[in-house]
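There are 2 protein chains.
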Amino acid sequence: MDFNKELSLRTKEAENIIYSYIPKISGKQKYLLEAMDYGVRVGGKRLRPILILETLRMFDADEKVAHPFMAAMEFIHTYSLIHDDLPAMDNADLRRGKESVHKKFGEDFGVLAGDGLLNYAYEIVSNYCASLTDDKSLLASVKALACLAKKAGIYGMVGGQSVDVEEDGKPLSDETLDFIYRLKTGALLEASMMIGAILGGADDEVVGKIESIASDVGLAFQIQDDILDITSSAEELGKPVNIDEINNKTTYVSVHGIDAAKSQVKLLSDRAVDNLHKLYDMNIKKNDFLEELIYSLINRKK
Amino acid sequence: MDFNKELSLRTKEAENIIYSYIPKISGKQKYLLEAMDYGVRVGGKRLRPILILETLRMFDADEKVAHPFMAAMEFIHTYSLIHDDLPAMDNADLRRGKESVHKKFGEDFGVLAGDGLLNYAYEIVSNYCASLTDDKSLLASVKALACLAKKAGIYGMVGGQSVDVEEDGKPLSDETLDFIYRLKTGALLEASMMIGAILGGADDEVVGKIESIASDVGLAFQIQDDILDITSSAEELGKPVNIDEINNKTTYVSVHGIDAAKSQVKLLSDRAVDNLHKLYDMNIKKNDFLEELIYSLINRKK
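Sequence order for the protein chains is A and B. Going by this note's numbering, the first residue of the first sequence is number 1, and it counts up by one from there. Going by this note's numbering, the first residue of the second sequence is number 1, and it counts up by one from there.
Do not take every clue at face value.
Have a look at the derived ranges for each label pair, beta carbon to beta carbon [said to hold, decoys possible]:
1. S8/B / E245/A: 56 to 64 Å
2. G27/A / Y295/B: 32 to 40 Å
3. D135/A / E245/B: 39 to 47 Å
4. S8/A / K24/B: 40 to 48 Å
5. S212/A / D62/B: 33 to 41 Å
6. T11/B / T231/A: 56 to 64 Å
In silico negatives: residues of chain B with every beta carbon more than 12 Å from chain A [said to hold, decoys possible]:
7. S8
8. Y38
9. K98
10. T176
11. A260
For the record, the hints were derived by calculation from the structure and aren't laboratory data. Predicted, not measured: the structure shown is a model, and the values here were computed from it. Glycine included, each C-beta is placed from N, C-alpha and C at the ideal position.
Given only the sequences and the hints, what does the whole structure look like? Please build it.
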């Protein structure tokens, strides 16, 4: 498999699906819709929607059921970045090498575009659920929606953001750093794979196993972020580098050093793929691309 | 009926239900949970949850099905006030006579407490939906959830907020003023009555009639707000008065004058109650308290 070619095809595929759910820019609220549109289209790896679809592909299910969730997931991820970039939060002028939403549309529209995307994510999915006539698909979709809300919220991503903001610049215990990583970045990655499995008809046991695989993937992803902040250039990364050191931020790298961080990313990715292999004995289809995707997180440059 | 006594009983009833859904303040994210708790408990008329329950009471239905929606509705209303008060938005230090959330907990936690409440609203309701085993209740609840998301979002409240912010301080056309009123305040009031009806098992025709009744109530409510900004004292209102004039804000009163505004509130309330009466011919139970509640909006002092 030419992984990079496959990845670029699947990124495009996910992007087309996501874009088809972006609300049309019209009406009196069109400035709001423009800001939301800009925030979503400014780019990104689309990793979370890809994880939804690739996890679903391990099951026998109609792929279309994943589409509203892919869009909702990316909209929630995007809203969190827009609010993270606000002056009251990280105060970041750049996101993916371009002006952040509040820089381009004003701080008030940074707040509102984020609110709009978060709410619209739930509008897409709840509308989709309300349109279902088959009881089995309805219940699976509602469960996937409940999973999304839980992992995005105060016991998931928002909870992680809040501790990250509160502890900013302070020395962190291993336990607190782990909490922030698992919630702030990990929770949505977990939700992505879990939603794919739930929509695929997986039972609670399998969904639980997928959750722990995704948890390893999420932690590896976040530690790799810390590594890239030190080893990458601003051009490669599309955002300023050495930000963590400048901000006196405790990271996995600042606590354990760069070599231990690299080994940890490898260990977590290996464990995730091993555990994925164990699922193949449970009548779940092998997904070579998903395995490669998990390994690629170790070698990513941005 | 001693309306004021009844209102205070039902406000307390709604408040107890809402409070039972506030997440427990514990864990590493407890500062976030404190800010959310403060925002919800700082007070309010609890009009939206009361409208959900009182509308449901016109139908034969188990009242408990309304509880998660009452909490979710009040959490969404609260998040919108918290974000409205932010320095980048209305920059209000006071809300209901007390410090606004960002003033007490910091601007970053103004953003995050709002995000947390908005998301938690959907977490409560989607979790509740996922717990339902009866297909008919599941579908009604999912429809109510979709209604909530639509009215809270970019084609509802957030859309109204965005035009309000964008047009701030500019002269407004009647049409734009109407758009802002119907969306910013009206949409959640419409959703409240519609959710009560949907959960009560109303068909689309009845839900549509309820929507237009609620739309009149919402407009009357908003115009009364403009009147109170001029005629009330800061003590009565629990927030500064004459703010609209100071901010050069176009309101129904600034365009049409205070007498026309008062007549309009009366006209809208009368029409809403008339239309409610017409529903009683369609096998829907009379609700004297709901009628009084709608009329009380004309005479309210805060």
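Using the beta carbons of S8/A and K24/B, state whether their distance is inside 40 to 48 Å or not.
Holds - the Cβ-Cβ distance for S8/A and K24/B, about 46 Å, lies within 40 to 48 Å.
Is it the case that S8/B keeps its Cβ farther than 12 Å from each residue Cβ in chain A?
Given that every Cβ of chain A is farther than 12 Å from that of S8/B, nearest at about 31 Å, it holds.
Far enough from chain A: is every CB of that chain over 12 Å from the CB of A260/B?
24 Å, holds
Non-interface label on Y38/B, tested against every C-beta of chain A at 12 Å
At about 14 Å from chain A, Y38/B clears the 12 Å cut-off, so the statement holds.
Is 56 to 64 Å respected by the C-beta to C-beta distance linking S8/B and E245/A?
57 Å, holds
Taking 39 to 47 Å as the stated bounds, is the beta-carbon spacing between D135/A and E245/B within them?
56 Å, violated
So T176/B supposedly isn't at the interface. Is its beta-carbon more than 12 Å from every beta-carbon in chain A?
For T176/B, whose nearest Cβ neighbour in chain A is about 7 Å away, the distance does not exceed 12 Å, so it is violated.
Hey, is K98/B genuinely clear of chain A, shortest beta carbon separation above 12 Å?
20 Å, holds
Given the hint of 56 to 64 Å, is the C-beta distance from T11/B to T231/A inside that range or not?
With Cβ atoms ~58 Å apart, the hint holds.
Look at the Cβ atoms of S212/A and D62/B and judge whether their distance stays inside 33 to 41 Å.
38 Å, holds
Is 32 to 40 Å respected by the C-beta to C-beta distance linking G27/A and Y295/B?
Once the Cβ atoms are compared, 34 Å apart, the range 32 to 40 Å for Y295/B and G27/A holds.
Checked against the numbered hints above, the structure breaks hints 3 and 10 and satisfies the rest.
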